[in-house]
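Trainee: Turn these sequences into a full structure, and let the hints guide you.
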Amino acid sequence: MELCIGSKKIDCSKRTLVMGIVNVTPDSFSDGGMYFSVEGAAAHARAMIEDGADIIDIGGESTRPKGAYGSSPSHVSAGEELDRILPVLKELRNAGDFLLSVDTYKSDVAEAALLAGADIINDISGMTFDPLMGDVVARHGATLVLMHIQGTPATMQDNPQYEDVVADVKRHLSLRVEAARAAGVRSIIIDPGFGFGKNYHHNLLLLKHLGSLKDIGCPILVGTSRKGFIGTATSTTIEDRLDGTSATTAIAIMNGANIVRVHDVKQIKRVALMTDAVLHA
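Here this note's numbering is used: the first residue of the sequence shown is 1, the next is one more, and so on.
Think of the hints as simulated: they come from the structure by calculation, not from any bench. Hints may contain errors.
Result set (DSSO-like, lysine-lysine): computed pairs, CA atoms no more than 30 Å apart in a straight line [said to hold, decoys possible]:
id: 1; residue 1: 9; residue 2: 266
id: 2; residue 1: 266; residue 2: 90
id: 3; residue 1: 214; residue 2: 8
id: 4; residue 1: 214; residue 2: 9
id: 5; residue 1: 208; residue 2: 9
id: 6; residue 1: 214; residue 2: 14
id: 7; residue 1: 14; residue 2: 266
id: 8; residue 1: 14; residue 2: 208
id: 9; residue 1: 9; residue 2: 90
id: 10; residue 1: 266; residue 2: 8
id: 11; residue 1: 208; residue 2: 266
Label pairs and their in silico Cβ distance ranges [what the hints assert, rightly or not]:
id: 12; residue 1: 278; residue 2: 162; range: 27 to 35 Å
id: 13; residue 1: 77; residue 2: 47; range: 25 to 33 Å
id: 14; residue 1: 233; residue 2: 37; range: 32 to 40 Å
Bear in mind that the values here come from a model prediction, so they are computed numbers and not experimental data. By construction, the Cβ of each residue, glycine as well, lies at the ideal position given by its N, Cα and C atoms.
Mentor: In structure tokens:
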């Protein structure tokens with residue numbers, strides 16, 4: 001499967017891409033506050049590139065669920081979000097020709113980020129929070145990640161319900177892909193949204209049956225890194241979930257994931273390389 005991002009064409013059927021997470025936030029669930037300065041965030045991103053990241057995903061607003069990690073994250077205005085991400089984005093864009101993604105659901109933030117050199121917009125809402133997102137991404141000829149979420153970050157873990165989580169997520173993502181294509185977006189990635197409106201068993205079932213999403217015809221991005229269902233399965237804290245993340249990464253790749261979004265790039269890059277070697281033997 002070929003993924004076109006700007007002028008780059010990447011054959012996702014040959015190897016798994018690794019997306020490194022850079023949260024320029026004070027309150028993200030795993031690394032909030034660790035890379036809140038421009039210098040810290042940019043240095044962290046450069047280290048991830050050296051460790052083998054194919055894409056850097058920059059986020060300026062926490063979308064962690066409430067409860068497990070304290071109260072719900074506070075809403076961030078578009079202006080504040082841009083104040084956080086644009087300096088980092090511009091510094092990285094000037095530093096090299098690697099792929100840069102911005103994690104936002106706001107079309108005005110996406111517009112400014114794409115003008116500043118972003119290649120990808122990673123929208124956790126799948127264009128449901130801001131109906132102008134598709135038009136903005138299409139106008140810039142950029143790539144759009146459409147993620148599945150049930151509810152909002154403030155409500156998504158309040159007893160999420162599905163008739164059939166795999167079928168429901170697949171149906172929803174198929175409709176969002178149709179909507180994005182109708183808006184003119186040509187480069188689309190789908191993400192089932194692990195931890196976004198799913199309970200423990202929902203996450204396990206999605207991972208087990210991830211391959212069913214391949215029928216949609218878009219590259220699949222998976223973000224399980226350090227998430228709560230790993231902690232539940234392994235009885236570990238956020239800081240001690242690398243083993244569980246490694247296991248879910250390998251399973252995801254074997255089941256069809258083309259891109260994995262992670263905090264621990266160096267270690268997960270090796271997991272991806274080993275899993276790819278087995279998959280393509």
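Trainee: Against this structure, judge whether each hint is valid.
Mentor: How the hints compare with the structure:
1. For the hint pairing residue 9 with residue 266, the CA-to-CA distance comes to about 24 Å; that is within 30 Å, so the pair holds.
2. As the CA atoms of residue 266 and residue 90 are separated by approximately 24 Å, the hinted pair is consistent with the 30 Å bound.
3. At roughly 22 Å between alpha-carbon atoms, residue 214 and residue 8 fall within 30 Å of each other, so this suggested pair holds.
4. Pair hint residue 214 plus residue 9 holds up; C-alpha atoms about 19 Å apart against a cutoff of 30 Å.
5. Distance hint between residue 208 and residue 9 is fulfilled; the C-alpha atoms sit about 29 Å from each other, no more than 30 Å.
6. Distance hint between residue 214 and residue 14 is fulfilled; the C-alpha atoms sit about 15 Å from each other, no more than 30 Å.
7. With a C-alpha separation of about 20 Å, the suggested pairing of residue 14 with residue 266 holds against the 30 Å cut-off.
8. With a CA separation close to 22 Å, the supplied pair residue 14 and residue 208 stays within the 30 Å bound.
9. In summary, the hint linking residue 9 to residue 90 is supported, as the alpha carbons are separated by about 23 Å, within the 30 Å threshold.
10. The hinted pair formed by residue 266 and residue 8 meets the criterion: a straight-line CA distance of about 23 Å does not exceed 30 Å.
11. The hinted pair formed by residue 208 and residue 266 meets the criterion: a straight-line CA distance of about 25 Å does not exceed 30 Å.
12. The beta-carbon spacing between residue 278 and residue 162, approximately 32 Å, falls within the hinted interval of 27 to 35 Å.
13. The hinted range of 25 to 33 Å is satisfied by residue 77 and residue 47, whose Cβ atoms lie roughly 30 Å apart.
14. The beta-carbon spacing between residue 233 and residue 37, approximately 34 Å, falls within the hinted interval of 32 to 40 Å.
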